[in-house]
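Enquirer: If you want the building blocks of each chain, they are given just below.
There are 2 protein chains.
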Amino acid sequence: MRETGTLLSFRPSIKVLDATMRDGGLVNRFDFSDDWVRALVRANVRAGVDYMELGYKSDPDLFDKSQFGMWKFCRDEDVLTVLGGVPEGIKLSCMADVGRCNYERDIGPRENSPFSMYRIATYINTIPAALAMAEHCHKMGYETAVNIMAISKAKEKELSLALDLIGNSAADIIYIVDSYGSIYPEEMRVIAERYLEAGEKYQKAIGIHAHNNQELAFANTIECTALGVDYLDATVGGMGRGAGNCRMELLLGFLKNPKYKLAHILRFLQQCMPYIREQGAKWGFDPAYLLTGMLNRHPGSAIRFVDEGRTDYAEFFNELLEQE
Amino acid sequence: MRETGTLLSFRPSIKVLDATMRDGGLVNRFDFSDDWVRALVRANVRAGVDYMELGYKSDPDLFDKSQFGMWKFCRDEDVLTVLGGVPEGIKLSCMADVGRCNYERDIGPRENSPFSMYRIATYINTIPAALAMAEHCHKMGYETAVNIMAISKAKEKELSLALDLIGNSAADIIYIVDSYGSIYPEEMRVIAERYLEAGEKYQKAIGIHAHNNQELAFANTIECTALGVDYLDATVGGMGRGAGNCRMELLLGFLKNPKYKLAHILRFLQQCMPYIREQGAKWGFDPAYLLTGMLNRHPGSAIRFVDEGRTDYAEFFNELLEQE
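Chains as they are written, first to last, in the numbering used here: chain F, 1 to 324; chain U, 1 to 324.
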């Protein structure tokens, strides 16, 4: 019998993962100052957040390092330098994209690394490559998650095959990812049940990473939580690509485990998030994101729309419909 | 058997009510220009919105008329003058607060009025007064709704008694109102089931009016819709007190009835909503609203916090906890 929670109880297996620097890094080219990073680690530790994802393990041969902050590459030695060692009271996570990470060269044994977990981000058609990466990370001693992106575009049959493949792999966690912010709660409950069934069959934990295109990121996250999903992604202030993510402040306000202490995130919000906005980073709900979300499209065109300062939403809606 | 919808069907009994001027009027002292009002009526008619609530029927003996726009008072003759008669293709609604409306004097027969519906806003302890008002409005020929506010503070037993009282009254519609934006979707589903049971027993339609303190207004509205709630409140851009309301653009993007045409609301958003912000009206999500929402408090203190330009969320959280 799967353990679930009620509005007055909590499930100790729930883990909160702060993805502010990773998903948020997509809107400021991973340009976080060292002091800011240390302040976020401190806030997360005090708030009882379980994992903190620092960024991507991108292949420096594929990206111009002068164009991005170090958190796009997350070299172990850089992380250890900035943080002054491995922080206590929180586990560090790093994301690796299929095809953008030279994992055999860049992901070494866990005992020499600040990271406890690698999360492999994959589209459904690159699952075999993702599983090879997961296998490598598992062998190196890391907790390993596979995050299947853009599932709102996947066919039923494909998703079943994907869950079976990951089920039989070395991965510890399978993540539901609503990349386009297009999934309504009643659909999300059906998806979560499918993942949870696969999780029970193959002894994998399930996670949720939601986007806020339709102001449903928090709602979808807590619906999943009620059904038994254990790994919950959130970001401070919802910082993340396009419409952003589930807000950490909403999530910690909801969770009943007394280890979570919202006040530390509130303090960070006040003291450290204005700097990020002042630098010019943009995220958060805009009607353009609702349009790509409701049409189940990649948010790229909406991000350009917002970046260009456009507000002709009806015209943008027409443009999107003409591409159907 | 109650009729519900699916993600690919629609229920013709669903009615969308635009409350932009009524709930939105609370953040700009009902100061809408005549041209702006006419543009919103046009947009709503074209978008297929069923009802439009223009404001309150407040007693001019209780409020200083020089401090508010005319939509706080909604005199029939003012409405007819501004709109040039009764608009076709949409029904007009007006809200009357218990204790703030001289209804026997100010609400006359429907045939002389631009309004089709009166909605009586009441706290649970003033239900008898609300029912007297509903009885009057019904006799005058109007559709009549009773909106029970702040139900998150009501006791189980009180709510049952309230539903029975309204069930036996002349009211046509009973509204669920999440005044504090404190209700989570899994709670909202339970509440909606209770209201819908009362609605079946007494042959009343059920409505939902949600607030966005925890970014759950849209989620709660569509959860209610899926269960059979028929009257759905929304406002353009979410304009409304504090964190605001369910956004009309999200709601019309979700509803499957082809009569609803989102593009007209998108155009209004672009052309007419910036003016309201430029006038200084403030609304929308802020961490302060999540705090009053999660603590099930009236948003008044959060509204002051935001108005004062405060961002010391952790301190505000302390202040709220000290009042527990």
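Treat the hints loosely; a few may be bogus.
For identical chains, the list gives no copy identity; a pair is met inside one copy or between any two copies.
[Unchecked claim] Dumping the calculated SDA-like pairs for lysine to any residue here, alpha-carbon to alpha-carbon at most 20 Å:
id: 1; residue 1: 261; residue 2: 202
id: 2; residue 1: 261; residue 2: 322
id: 3; residue 1: 256; residue 2: 297
id: 4; residue 1: 261; residue 2: 324
id: 5; residue 1: 282; residue 2: 75
id: 6; residue 1: 15; residue 2: 139
id: 7; residue 1: 15; residue 2: 259
id: 8; residue 1: 261; residue 2: 320
id: 9; residue 1: 91; residue 2: 8
id: 10; residue 1: 259; residue 2: 321
id: 11; residue 1: 261; residue 2: 323
id: 12; residue 1: 261; residue 2: 295
id: 13; residue 1: 15; residue 2: 85
id: 14; residue 1: 201; residue 2: 227
id: 15; residue 1: 259; residue 2: 295
id: 16; residue 1: 15; residue 2: 68
id: 17; residue 1: 157; residue 2: 254
FYI, nobody ran anything at the bench for these hints, they're computed from the structure.
None of the values given here were measured: they were computed from a predicted structure.
Enquirer: All hints, please: hold or fail.
Expert: A quick look at each hint next to the structure:
For the homomeric pair residue 261 and residue 202, neither the shortest alpha-carbon distance inside one copy (33 Å) nor that between copies (45 Å) is at most 20 Å. In this homomeric assembly, residue 261 and residue 322 come within 20 Å of each other (Cα to Cα) only across copies, at 16 Å, whereas the closest approach inside a single copy is 47 Å. Taking the closest pair of Cα atoms, residue 256 and residue 297 come within 20 Å of each other only across two copies (18 Å); inside a single copy the shortest separation is 35 Å, beyond that limit. In the homo-oligomer, the alpha carbons of residue 261 and residue 324 lie at most 20 Å apart only across protomers (18 Å), although the nearest pairing inside one protomer, at 45 Å, exceeds that limit.
Taking CA atoms no more than 20 Å apart as the test, residue 282 paired with residue 75 passes in neither setting, with 26 Å inside one copy and 44 Å between copies. For the identical chains of this complex, residue 15 and residue 139 are neighbours neither inside a copy (23 Å) nor across copies (57 Å), given an alpha-carbon limit of 20 Å. Only within a single protomer do residue 15 and residue 259 lie at most 20 Å apart by alpha-carbon distance; the minimum there is 11 Å, versus 44 Å between protomers. In this assembly of identical chains, residue 261 and residue 320 lie within 20 Å of each other by CA distance solely across copies; the values are 15 Å between and 42 Å within a copy.
Taking the shortest alpha-carbon separations for residue 91 and residue 8, neither the intra-copy value of 27 Å nor the inter-copy value of 43 Å comes in at or below 20 Å. In this assembly of identical chains, residue 259 and residue 321 lie within 20 Å of each other by CA distance solely across copies; the values are 18 Å between and 47 Å within a copy. For the homomeric pair residue 261 and residue 323, the shortest alpha-carbon distance between copies (19 Å) is at most 20 Å, but the shortest distance inside one copy (46 Å) is not. Taking the shortest alpha-carbon separations for residue 261 and residue 295, only the inter-copy value of 15 Å comes in at or below 20 Å, while the best intra-copy value is 37 Å.
Proximity of residue 15 to residue 85 under the C-alpha cut-off of 20 Å is found in neither arrangement, the shortest distances being 23 Å within a copy and 59 Å between copies. Proximity of residue 201 to residue 227 under the C-alpha cut-off of 20 Å is restricted to the intra-copy arrangement: shortest distance 16 Å within a copy versus 31 Å between copies. Taking identical chains as interchangeable, the C-alpha atoms of residue 259 and residue 295 lie at most 20 Å apart only when they sit on different chains, with a minimum of 18 Å there against 39 Å within one chain. In the homo-oligomer, the alpha carbons of residue 15 and residue 68 never lie at most 20 Å apart, since the shortest distance is 29 Å inside one protomer and 50 Å across protomers.
Taking the closest pair of Cα atoms, residue 157 and residue 254 never come within 20 Å of each other, the shortest separation being 34 Å inside a single copy and 26 Å across copies.
Violation of the numbered hints given earlier is confined to hints 1, 5, 6, 9, 13, 16 and 17; the remaining hints are satisfied by the structure.
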